[in-house]
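Peer 1: Okay, here's what each chain looks like letter by letter:
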Amino acid sequence: MDELLVNDPGKKVILMGNDAIVRGALESGVQFVATYPGTPASEIGNDFYRISKEANVIFEFSTNEKVAMEVAAGSSFSGLKTLVAMKNFGLNVASDPLLPFIYTGSKGPTVIFIADDPSCHSSAQSEENTRAFSYLGHIPTLEPADAKECKEFTKIAFDLSEKFQIPVMVRTTTRVAHQKMPMVLGEYKKNSSLARGEFVKDANRFVTLPPRVLGMKTELIEKIKKMQLAFEKSNLNFIDRGSSKATEKRGIIASGVAYLYVKEALKELGLDLPILKVGTFYPLPEKKIQSFIKGLKNILVAEELEPYLEKEVARLAKDANCKLEIHGKDLLPEVGELRPEYVTLALAKFLGKKYVLPRIKTKLAVPKRFPQLCPGCPYWLVFGGVKKATEGKNVIYGGDIGCYMLAGMPPHFLQDYLSCMGSSIGIGHGIKRATGQKLVSFIGDGTFFHAGIPALINTVYNQSNPLIIILENEITAMTGHQPHPGALGAKVEIKIEDVVTACGVKNLKIIDPVQQQEFIAAIDEFLEKPEVSVIIARHPCKFVKKV
Amino acid sequence: MANKSILKTKKEDYNIVIAGTGGQGVITLLQVLAEAALIEGKDIKTSELHGLSQRGGSVEVHVRFGERIYSPLVMRGKADLVIGLETQEVLRALDYAGPQTVFLVNKYFVPIPLEKKMTEGEIVDNLKKISGKAELIPASDICQESLGTSVVAGIYLICLAANKDFIPLKPESIKDAIKKVIPQKYLELNLKTFELAKQK
Ligand SMILES: Cc1ncc(C[n+]2csc(CCOP(=O)(O)OP(=O)(O)O)c2C)c(N)n1
Numbered sequence: 001m002d003e004l005l006v007n008d009p010g011k012k013v014i015l016m017g018n019d020a021i022v023r024g025a026l027e028s029g030v031q032f033v034a035t036y037p038g039t040p041a042s043e044i045g046n047d048f049y050r051i052s053k054e055a056n057v058i059f060e061f062s063t064n065e066k067v068a069m070e071v072a073a074g075s076s077f078s079g080l081k082t083l084v085a086m087k088n089f090g091l092n093v094a095s096d097p098l099l100p101f102i103y104t105g106s107k108g109p110t111v112i113f114i115a116d117d118p119s120c121h122s123s124a125q126s127e128e129n130t131r132a133f134s135y136l137g138h139i140p141t142l143e144p145a146d147a148k149e150c151k152e153f154t155k156i157a158f159d160l161s162e163k164f165q166i167p168v169m170v171r172t173t174t175r176v177a178h179q180k181m182p183m184v185l186g187e188y189k190k191n192s193s194l195a196r197g198e199f200v201k202d203a204n205r206f207v208t209l210p211p212r213v214l215g216m217k218t219e220l221i222e223k224i225k226k227m228q229l230a231f232e233k234s235n236l237n238f239i240d241r242g243s244s245k246a247t248e249k250r251g252i253i254a255s256g257v258a259y260l261y262v263k264e265a266l267k268e269l270g271l272d273l274p275i276l277k278v279g280t281f282y283p284l285p286e287k288k289i290q291s292f293i294k295g296l297k298n299i300l301v302a303e304e305l306e307p308y309l310e311k312e313v314a315r316l317a318k319d320a321n322c323k324l325e326i327h328g329k330d331l332l333p334e335v336g337e338l339r340p341e342y343v344t345l346a347l348a349k350f351l352g353k354k355y356v357l358p359r360i361k362t363k364l365a366v367p368k369r370f371p372q373l374c375p376g377c378p379y380w381l382v383f384g385g386v387k388k389a390t391e392g393k394n395v396i397y398g399g400d401i402g403c404y405m406l407a408g409m410p411p412h413f414l415q416d417y418l419s420c421m422g423s424s425i426g427i428g429h430g431i432k433r434a435t436g437q438k439l440v441s442f443i444g445d446g447t448f449f450h451a452g453i454p455a456l457i458n459t460v461y462n463q464s465n466p467l468i469i470i471l472e473n474e475i476t477a478m479t480g481h482q483p484h485p486g487a488l489g490a491k492v493e494i495k496i497e498d499v500v501t502a503c504g505v506k507n508l509k510i511i512d513p514v515q516q517q518e519f520i521a522a523i524d525e526f527l528e529k530p531e532v533s534v535i536i537a538r539h540p541c542k543f544v545k546k547v
Numbered sequence: 001m002a003n004k005s006i007l008k009t010k011k012e013d014y015n016i017v018i019a020g021t022g023g024q025g026v027i028t029l030l031q032v033l034a035e036a037a038l039i040e041g042k043d044i045k046t047s048e049l050h051g052l053s054q055r056g057g058s059v060e061v062h063v064r065f066g067e068r069i070y071s072p073l074v075m076r077g078k079a080d081l082v083i084g085l086e087t088q089e090v091l092r093a094l095d096y097a098g099p100q101t102v103f104l105v106n107k108y109f110v111p112i113p114l115e116k117k118m119t120e121g122e123i124v125d126n127l128k129k130i131s132g133k134a135e136l137i138p139a140s141d142i143c144q145e146s147l148g149t150s151v152v153a154g155i156y157l158i159c160l161a162a163n164k165d166f167i168p169l170k171p172e173s174i175k176d177a178i179k180k181v182i183p184q185k186y187l188e189l190n191l192k193t194f195e196l197a198k199q200k
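Going down the list, the sequences are from chains A and B. Residue 1 is where the first sequence starts when you use the numbering used here, and the numbers rise one by one after that. Residue 1 is where the second sequence starts when you use the numbering used here, and the numbers rise one by one after that.
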């Protein structure tokens, strides 16, 4: 049996943050899961993909995150306990349905898991801090610091959602989602069968139309106030005094993994200070913060990325302690993840202590090792063919999100722009209309289904003539080989050529890039066409399981 | 190599950084070490990266255990043990090293395209300047010769480290952790690797 499914309360196991989230959701009795892959959130979906059948959980990889969020709303409206998970960029895509979902609230308890990736270890496009969405959408937001809290907070989030009838967001970062530690399993009662919800009509609740929508906003703000009161008392926000004296005038406020670095730093510096660990980023326990800072002289706010918490503390200090000296981003970086030594250094400065980071002197520097396409990856042939066909033709190469981003790295160098999923086509169309320069863009099959189709329709409708190469490798490779609607063995396989044709594309060829001559000839031909052209480069990823 | 004394005087936390290239199985090693530490009742935190970083690029995982562990990342200068599964990659982990660090380096090169290969001599000399405790071990070759495959080189190195008392965990705990973590299909191979590391 899968380790996540054992019912052995009290058993101590090591789980990674994402797996702990899954276990927490199972212990909470989750019934419906919709997700879209993206590092560092992917294992949540992968786990459910693996266990959903045995666990009697309704599961789907949705076509993209917007759809996943909508599916989750539908499940919640029908009364089911619902989980939806994605990486930070996914929430950008899903933000349109997310905001009204917070207005209508949830019926079946719903938890939204979002993973940020400070330092962009596995994120091409921006270093996003999802906490800004909490303000934008009035989204109750919990921030676990470690893997154990991932499990605990998941269960609490489902309870909060049930109590306040609002979706609750749990926001992690790479060092939390991909952190492992021991934790104790709770009771897990497997669903006896797949849940069957019921959608009970209630337009007052589920239809967001003015003027009702403003009433909903008023109710939402009321809910948030009530949650805030609950969070003042909740031990999601706690004060950790360690062995510091009651008369101590210096304190720390920390959230997420920064709390762990603070603890480590204090140990390194050999002292203890009171720490307010904030687990509910939104709504904030304002009273608790105010009472914490009241008697203090100076405070260090330790958080990753933008100083949202610090700004709140500054605002709250106006009333509670206007003389408080507040430190944070003056001592800690705003760009890139925190690390224990950064926090140690910041804390030392904060305390006026001397601390020198250990530094090793060596003459040897290793050159960067660029990630590579796997040996036998069909993209070697695609890039090679494109290079041959376009040599000397002054072509612009459009990139998109997937393994084929490696087109931008040595030895290929075939990527002149890169943004978000699906954007190769939209940006390419914009460049074509603005310049008329020759342009070839790459898009993976997964990304084509995710966000490429509207852009392709736009290119046909608004008439420009890029050459779009769809890399049909039958899988979502980059994020760990999840299936997608065009993948081999999909219950209903949707053929990309049918979609492309239905979008009105006249110049279409399907070529296995192994046939290099044919592939190169097609590129030559299509680059001269007055309308948009599409080549589907069809060759499965070597990790596709033969069915 | 005299090392027992180092461990005996150590503070309670033990910090390991493993550096290698994508596909060398660093995450399996992390799991084995973490489970072994759990068997001995320790607190544990680990950190790993997934995604693009695994595509043949450099990878680095952190394993920390002791009485009470907070940070999942090893602090700069605080590694007790740095394992390089690839000879050049160990150099990327030097930020974590200090005079207390033991280096175990696999004699195994994955060439970096377009770059001149550094010699293992140069690399080990530099490591020795840091702590004097650096060993170059032909783990991949040993495993290839004795077991017919070098995929277990990492397991070989951590077993060796436990046998040599570079990791304050009992070799038996590592063995039990291997049984827990490694899928049935590869278990025998890994247990043979454990025995192989004992003979050295
Ligand atoms: C909005 C958004 N969701 C998820 C991701 C994570 N992500 C990165 S690559 C990728 C998969 C792309 O799959 P595909 O286009 O089939 O390319 P392949 O990796 O198979 O070459 C995903 C989902 C992202 N970057 N942005």
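Careful: at least some of the hints might be erroneous.
Stated by the list, open to error - Capping the alpha-carbon separation at 25 Å, the derived lysine-lysine pairs in DSS-like fashion look like this:
1. B:Lys180 to A:Lys361
2. A:Lys297 to A:Lys249
3. A:Lys12 to B:Lys180
4. A:Lys368 to B:Lys175
5. B:Lys175 to A:Lys11
6. A:Lys249 to A:Lys329
Bear in mind the hints are in silico, worked out from the structure with no lab data behind them.
Peer 1: Give a verdict on every hint.
Peer 2: Taking the hints in turn, this is what the structure says about them:
no., hint, in the structure
1, B:Lys180 to A:Lys361, "40 Å, violated"
2, A:Lys297 to A:Lys249, "5 Å, holds"
3, A:Lys12 to B:Lys180, "14 Å, holds"
4, A:Lys368 to B:Lys175, "35 Å, violated"
5, B:Lys175 to A:Lys11, "21 Å, holds"
6, A:Lys249 to A:Lys329, "20 Å, holds"
Checked against the numbered hints given earlier, the structure breaks hints 1 and 4 and satisfies all the rest.
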